[in-house]
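Given the structure of chain A, go ahead and fit chain R onto it with the hints provided.
Number of protein chains: 2
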Amino acid sequence: MRAWSRERRAEGGIIAFVPTMGGLHDGHLSLVRAARDLADHVVVSIYVNPTQFAPDEDFGSYPRDEERDLAALEAQEVAAVFVPETLYEDPLTWIQVTELDARLCGGSRPDFFRGVATVVAKLFHIVEPDVAVFGDKDFQQRRVIERMVADLDMPIRIVGMPIVREPDGLAMSSRNLRLDPDARKRAVAISESLDLAATQIAAGERDVARVTAAMNAHIEGAGGRVDYVALVDPETLAEQTSITGPVRAAVAASFGGVRLIDNRAI
Amino acid sequence: MRAWSRERRAEGGIIAFVPTMGGLHDGHLSLVRAARDLADHVVVSIYVNPTQFAPDEDFGSYPRDEERDLAALEAQEVAAVFVPETLYEDPLTWIQVTELDARLCGGSRPDFFRGVATVVAKLFHIVEPDVAVFGDKDFQQRRVIERMVADLDMPIRIVGMPIVREPDGLAMSSRNLRLDPDARKRAVAISESLDLAATQIAAGERDVARVTAAMNAHIEGAGGRVDYVALVDPETLAEQTSITGPVRAAVAASFGGVRLIDNRAI
Numbered sequence: 001m002r003a004w005s006r007e008r009r010a011e012g013g014i015i016a017f018v019p020t021m022g023g024l025h026d027g028h029l030s031l032v033r034a035a036r037d038l039a040d041h042v043v044v045s046i047y048v049n050p051t052q053f054a055p056d057e058d059f060g061s062y063p064r065d066e067e068r069d070l071a072a073l074e075a076q077e078v079a080a081v082f083v084p085e086t087l088y089e090d091p092l093t094w095i096q097v098t099e100l101d102a103r104l105c106g107g108s109r110p111d112f113f114r115g116v117a118t119v120v121a122k123l124f125h126i127v128e129p130d131v132a133v134f135g136d137k138d139f140q141q142r143r144v145i146e147r148m149v150a151d152l153d154m155p156i157r158i159v160g161m162p163i164v165r166e167p168d169g170l171a172m173s174s175r176n177l178r179l180d181p182d183a184r185k186r187a188v189a190i191s192e193s194l195d196l197a198a199t200q201i202a203a204g205e206r207d208v209a210r211v212t213a214a215m216n217a218h219i220e221g222a223g224g225r226v227d228y229v230a231l232v233d234p235e236t237l238a239e240q241t242s243i244t245g246p247v248r249a250a251v252a253a254s255f256g257g258v259r260l261i262d263n264r265a266i
Numbered sequence: 001m002r003a004w005s006r007e008r009r010a011e012g013g014i015i016a017f018v019p020t021m022g023g024l025h026d027g028h029l030s031l032v033r034a035a036r037d038l039a040d041h042v043v044v045s046i047y048v049n050p051t052q053f054a055p056d057e058d059f060g061s062y063p064r065d066e067e068r069d070l071a072a073l074e075a076q077e078v079a080a081v082f083v084p085e086t087l088y089e090d091p092l093t094w095i096q097v098t099e100l101d102a103r104l105c106g107g108s109r110p111d112f113f114r115g116v117a118t119v120v121a122k123l124f125h126i127v128e129p130d131v132a133v134f135g136d137k138d139f140q141q142r143r144v145i146e147r148m149v150a151d152l153d154m155p156i157r158i159v160g161m162p163i164v165r166e167p168d169g170l171a172m173s174s175r176n177l178r179l180d181p182d183a184r185k186r187a188v189a190i191s192e193s194l195d196l197a198a199t200q201i202a203a204g205e206r207d208v209a210r211v212t213a214a215m216n217a218h219i220e221g222a223g224g225r226v227d228y229v230a231l232v233d234p235e236t237l238a239e240q241t242s243i244t245g246p247v248r249a250a251v252a253a254s255f256g257g258v259r260l261i262d263n264r265a266i
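Top to bottom, those sequences are chains A and R.
Counting with the numbering used here, you get residues 1 to 266 for the letters of the first sequence.
Counting with the numbering used here, you get residues 1 to 266 for the letters of the second sequence.
Just so you know, these hints were derived from the structure itself, not from any lab.
Just so you know, not all the hints are guaranteed correct.
[Unchecked claim] Now the stretches of chain R that chain A is said to cover, found in silico as 3 or more residues with beta-carbon under 8 Å: (1) 59-68; (2) 166-173; (3) 192-205.
[Said to hold, decoys possible] With the C-beta cut set under 10 Å, the calculated list includes, among others, these residues of chain A facing chain R: (4) R6; (5) E99; (6) H125; (7) I126; (8) R147; (9) M172; (10) A213.
In this text, all values refer to a predicted model and were calculated from it rather than measured experimentally.
Backbone N, C-alpha and C fix where the C-beta goes; we use that ideal spot for every residue, glycine too.
So that you can see chain A by itself, here it is in the shape it has in the complex (with noise of 0.2 Å):
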């Protein structure tokens, strides 16, 4: 993979990277496009990470489909697509972006971030892009890996790409795909939450556990289980306790025993 890379580079080729765990949607395609025209050449990563899940998670379950993925990015005109049989042997090193992993999904998922950062490096290290395409979906995870290049000075843009939706709002996700018929319309509470935080504030609400408490109410009424619901500070991810700026609305929940999550700013 990385001497692919040196040879594109060596013609002077700009290379972009689009890292994924497979199960691929329009939200993946849509951070394909805009590789596309931000380089010459688009590597795409299937992989998907074990040290990113906890014993309890979905790593068994989470959806693989290698035949269908490979075709999509077929038709999307992809230079390279990136698929490890393995990534690890034995690991010792990790990458830890303190503060920034402990909030929002660091909470119910400790190790996650770690495992995300640590695989994102080996990733940059092999395919060696000039620039990586992040969705904001997963907002946490962009935050985490700016963070990362900027203090370890690795020579990589990131760029950060809005959140595609279903028609009704749901948030594209490869776990949407894990949610049975019934789940699957009642899930759209999260991103009705997010809407519902954006009006409030927009009509004047400065107090986030009135706007927070009505975020709950909605996903739980819904029959979601919140993991949490909060307005971060959008760079520290530091939760908020009253309105001041800009903020992040970020919500993890479950329904059907699948979790999702959702943001939006505001």
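What follows is chain R alone, placed relative to chain A:
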């Protein structure tokens, strides 16, 4: 710095890198000579890395003499010297090489190797060398870096070079400058203790406790304060209890308040 490296590489040049904290002595210069044999261009960095010193350690008094260092490197015809003013801006990101970082010096310096691994990764991302040269005086450091490079798939070859010693056997170290004449004379007990271990093992001793007791006694007999003496597996750095194959004998001890380390393959 990176632009300079990329120009050299675009011309087909191979770059060897020697990271240092300055206070250059013949040990460092042996690394520079080795680097010259391995590559077309040698880059040396001089940076006393604050994140590998604990608050009670000697960051403030660590030997610094930039003019003298630059003159020594000019005489060695290195291609570039990288002397950053600072490499950190409120860092949140840390690289930990678990297990290896807890052994030997990790006992009394719990955050030391986290600081070393992180700054070396930063320097690697800035300098982008093909090969990096480390001295075996800091044997544990070399193992930590080798493991980090392997685990994170960094595209850099790590080369270790033998310890350079003073005529009486004391391993060369920037910190030797801080020994008063009496402590300097007594500090030779450290390398003598390693020779003692080699002699005992050559004579058939297989019990590690007896070997380390003799090493301890020798250093304390010379007025040294022992931090550790150990015989470890050269790969995992795990302490051995009996000699069944190659080991690395390692010592950390203070003379006159100056902490010194040394090691030897047996």
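These are the hints, each one checked on the structure:
1. Check on the segment 59-68 of chain R: 0 of its residues sit with their Cβ under 8 Å from a Cβ of chain A, so the three-residue criterion for coverage is violated.
2. Under a criterion of three residues with beta carbons nearer than 8 Å to beta carbons of chain A, the stated coverage of the segment 166-173 of chain R fails, only 0 such residues being counted.
3. Coverage of the segment 192-205 of chain R by chain A is violated. Counting CB-CB distances below 8 Å, 0 residues qualify, and the rule asks for three or more.
4. At its closest, the beta carbon of R6 (chain A) sits 9 Å from a beta carbon of chain R; the interface hint therefore holds under the 10 Å criterion.
5. At a threshold of 10 Å, the smallest CB-CB gap from E99 (chain A) to chain R is about 5 Å, leaving the interface hint in force.
6. Taken as an interface hint, H125 (chain A) checks out: its beta carbon lies about 4 Å from the nearest beta carbon of chain R, inside 10 Å.
7. Interface restraint check for I126 (chain A): the shortest CB-CB distance to chain R comes to about 5 Å, inside 10 Å, so the restraint holds.
8. Contact between R147 (chain A) and chain R, as hinted, is supported at the beta carbon level, the nearest pair being about 6 Å apart and thus within 10 Å.
9. The interface hint given for M172 (chain A) is broken, as the beta carbon of that residue sits about 29 Å from the closest beta carbon of chain R, more than 10 Å.
10. At about 31 Å, the closest approach between the beta carbon of A213 (chain A) and any beta carbon in chain R exceeds 10 Å, and the interface hint on this residue is violated.
When the structure is compared with the earlier hints, violations turn up for hints 1, 2, 3, 9 and 10 and for no others.
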